[in-house]
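Residue numbers (this note's numbering), protein chains in the order written: chain A, 437 to 680; chain B, 437 to 680; chain C, 437 to 680; chain D, 437 to 680.
No wet-lab data here; the hints were simulated from the structure.
Note that the structure is a prediction, hence the values are computed from the model and not measured.
There are no misleading hints in this set.
One copy or two, it doesn't matter: identical chains are merged, so the pair holds either way.
Pairs of lysine-lysine residues, derived as DSSO-like cross-links and limited to a Cα-Cα distance of at most 30 Å, are as follows:
1) K674 <-> K451
2) K544 <-> K451
3) K544 <-> K674
4 protein chains.
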Amino acid sequence: MPIRVTVWNEFLHEKTRADVRRVYPEGIHAVIAAGLVEQLAGAASVRSATLDQPEHGLPYDVLADTDVLFWWGHAAHEQVEDEVVDRVHARVLEGMGLVVLHSGHASKIFRRLMGTGCMLRWREAGERERLWIVAPGHPIVADFRDEYFELAHSEMYGELFDIPPPDELVFISWFAGGEVFRSGCTFRRGRGKVFYFAPGHETYPIYHDANVRRVLAGAARWAAPSGPPHVADARNIKDPLEPV
Amino acid sequence: MPIRVTVWNEFLHEKTRADVRRVYPEGIHAVIAAGLVEQLAGAASVRSATLDQPEHGLPYDVLADTDVLFWWGHAAHEQVEDEVVDRVHARVLEGMGLVVLHSGHASKIFRRLMGTGCMLRWREAGERERLWIVAPGHPIVADFRDEYFELAHSEMYGELFDIPPPDELVFISWFAGGEVFRSGCTFRRGRGKVFYFAPGHETYPIYHDANVRRVLAGAARWAAPSGPPHVADARNIKDPLEPV
Amino acid sequence: MPIRVTVWNEFLHEKTRADVRRVYPEGIHAVIAAGLVEQLAGAASVRSATLDQPEHGLPYDVLADTDVLFWWGHAAHEQVEDEVVDRVHARVLEGMGLVVLHSGHASKIFRRLMGTGCMLRWREAGERERLWIVAPGHPIVADFRDEYFELAHSEMYGELFDIPPPDELVFISWFAGGEVFRSGCTFRRGRGKVFYFAPGHETYPIYHDANVRRVLAGAARWAAPSGPPHVADARNIKDPLEPV
Amino acid sequence: MPIRVTVWNEFLHEKTRADVRRVYPEGIHAVIAAGLVEQLAGAASVRSATLDQPEHGLPYDVLADTDVLFWWGHAAHEQVEDEVVDRVHARVLEGMGLVVLHSGHASKIFRRLMGTGCMLRWREAGERERLWIVAPGHPIVADFRDEYFELAHSEMYGELFDIPPPDELVFISWFAGGEVFRSGCTFRRGRGKVFYFAPGHETYPIYHDANVRRVLAGAARWAAPSGPPHVADARNIKDPLEPV
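For reference, chain A alone in the conformation it holds in the complex (with noise of 0.2 Å):
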């Protein structure tokens, strides 16, 4: 059975700034698309969501149909209505992972799953990025076979970012600048996945390179639920143990 993928995004620069269509013309959402066909094929089934659609394209019948949801958001996460952060967070406790895309850390969804603020250094200097990997044998790397990969231009993100202790630390980016950053990181909510994952930007074709297709295909794979329904309700057991 395909892994069911959802992108979303708020999809607004794309609208309005010209230096962002030339990057990125159908959307950020279109790229990030199409570098999951291009990795996992027809073991993906993939569409999209945006804000400007009903419900942010995010109805119940949507969310019940996604396996992992990736989430690109901006320049407008307080514009994401409460009842639909309400609904992704149920749906992640349940078990469907979750793919937070760089300036998705300050996203209403990926915050209210942290339970911290999220907040980081940042610097758009075009600047040499190099993700090494300190996770070898991890499911999400599971295509690599260096011990880091480039990217030649990118915005920098720098610690201190302000995230509980992540359950596993996958990637480290180094940047010029002298900076380094937490940029692959897993957290378990629930019976969700929740990834992390920071390169990216609006005008740098960051979702174009390879190795981030291969990273982002890699969450896919790990993400997608597994295991036993979710028990999210109290449960007042009233009789005790019964004899064998």
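Since the structure of chain A is already known, use the hints to place chains B, C and D on it.
This is chains B, C and D only, laid out in the frame that chain A set:
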């Protein structure tokens, strides 16, 4: 310098139920505070705050003057104002320790810090509980010599406990009726240290128990602030690294 | 491509004790292997190896051809040659999965990978054990619908279990006699994934149990290698970063 | 009661190389010890031990009288007797803190405690290192106000560092030449706390640096023993739970 502790209690049961008043005539907070004073003596200064006070007894200056906040709530989680929750949350991220007790698992502040539902199984059967220490060498249990301690009559709290994987697991509880529980868990959020400790009940004399009091004292010591100031804001670092 | 599993057994009890032979006439390894074949069918190819074979049945080419090694040892840990332990250790760091069963907690290979004593409490009373799932959504327990499963007659293994804090805690066991145990734990070592699973006994029919078999199958799937080649050697990198 | 610290040094380079003697005329251990005394004053009593002493200066009574052992080794790891390694190992599991410095990553004791190869990349280019604090609020960095500190000339140690996932990641280092490193890591083993801290070199004056000294002092405070006696032996518990 003494650790400045504030014990918060919703303080409702004690006013309305005779069975609770019998065990906690001055309020649960008074017994928790007495236990801390007994164990920590001059190493701590302890005060309390309750739901019915203005701003629930937790205005800015009280929180600013608190190193470790203990939290007892049960029947009135929803009556806690969101503004106060915001304030406590911000102080935890800044470095204030937080010790969440028993039914506080369902409090607004704990659920916000965890990002999950925090629900669990429970049974009020006054059954036997054994708390096994699984993090030997942890400062919270520095005062214990044995592998476990017992509570003869306890409310069962059982797995699955819907929390993120704790940073450190200090206690696992065994219950006569067939359940286990991660009953002592630490979490780091921002600069703040959070400890969840499960034992407690409004009619069982849990906070009169000598071992429970030793755990609470260890928790106060461990959760007291340390480390660098918290970096909460996003920081746009325009200039890259200057040469040495 | 099927997962290549090798089940290792010291295979002594079965030859000398009639009570063991009654439950495991062909050896414990045969029943473990049969369970894996039953659960994984064509997704795994399963063979076995035993202490009395040359190089304990684990020469280089067998290990090189193994994705996941299951380890059963009990009475003869010290008879396992250090050279074979070195070889298994190296293969785990390279990426081979290792599933350590029951009394394998005291094996040379497990103790070497953990760096601790790995001792525990135990009691042979055929008592009731309940295994609670505390990592919902973990691939190892993907086939379970309930919060726990039971073994009617089990050997008690109890805390304190002298292991490093596990990377992931999947099961906590409850025993009728008053103990708890971290009975399903994962550890990452080098590129290899290690799973310790506590149930098992030479005269209780644990490996005939359907739920135990489902866990072992989940463990085989989870522990199969993934990720980049292991970087085992020190690397003197003479040249610093060249310009882009 | 002061923390009883023993600083161990293999003490070879200082005798044979003039360039090392220039920076550490009395031995690296003398400068590390002086830094601890400077920072901790009466809160610690500090002595040293070296490879050339009987039993490498670490007979039973010295270890029994040590709360925290600092370990510096570089060129002579293989000359450390296994019997002394066994003894240090046993004391760590019992509760003695261990702070492993720089090239001690390849020492017998560290590799035994980790269970992995512990190898890494390195480059002796006297390049700039920035140590980013990623665990704000951790006691080891309680004395720091800034997000990072720098060493102008340092030996590069880079990922992949072949260690188990640390329990807590306190520092990530950035190097001018393009590498990152998990340069401050904690590990719990038995009752003992282990801290690996990467900076250090025999000809760079790293242990004269004020910030490095503050880290070492914080490590001594943090690693000092606490908690219940270590449970090292297997325990056959014949009797199940007696009724209350």
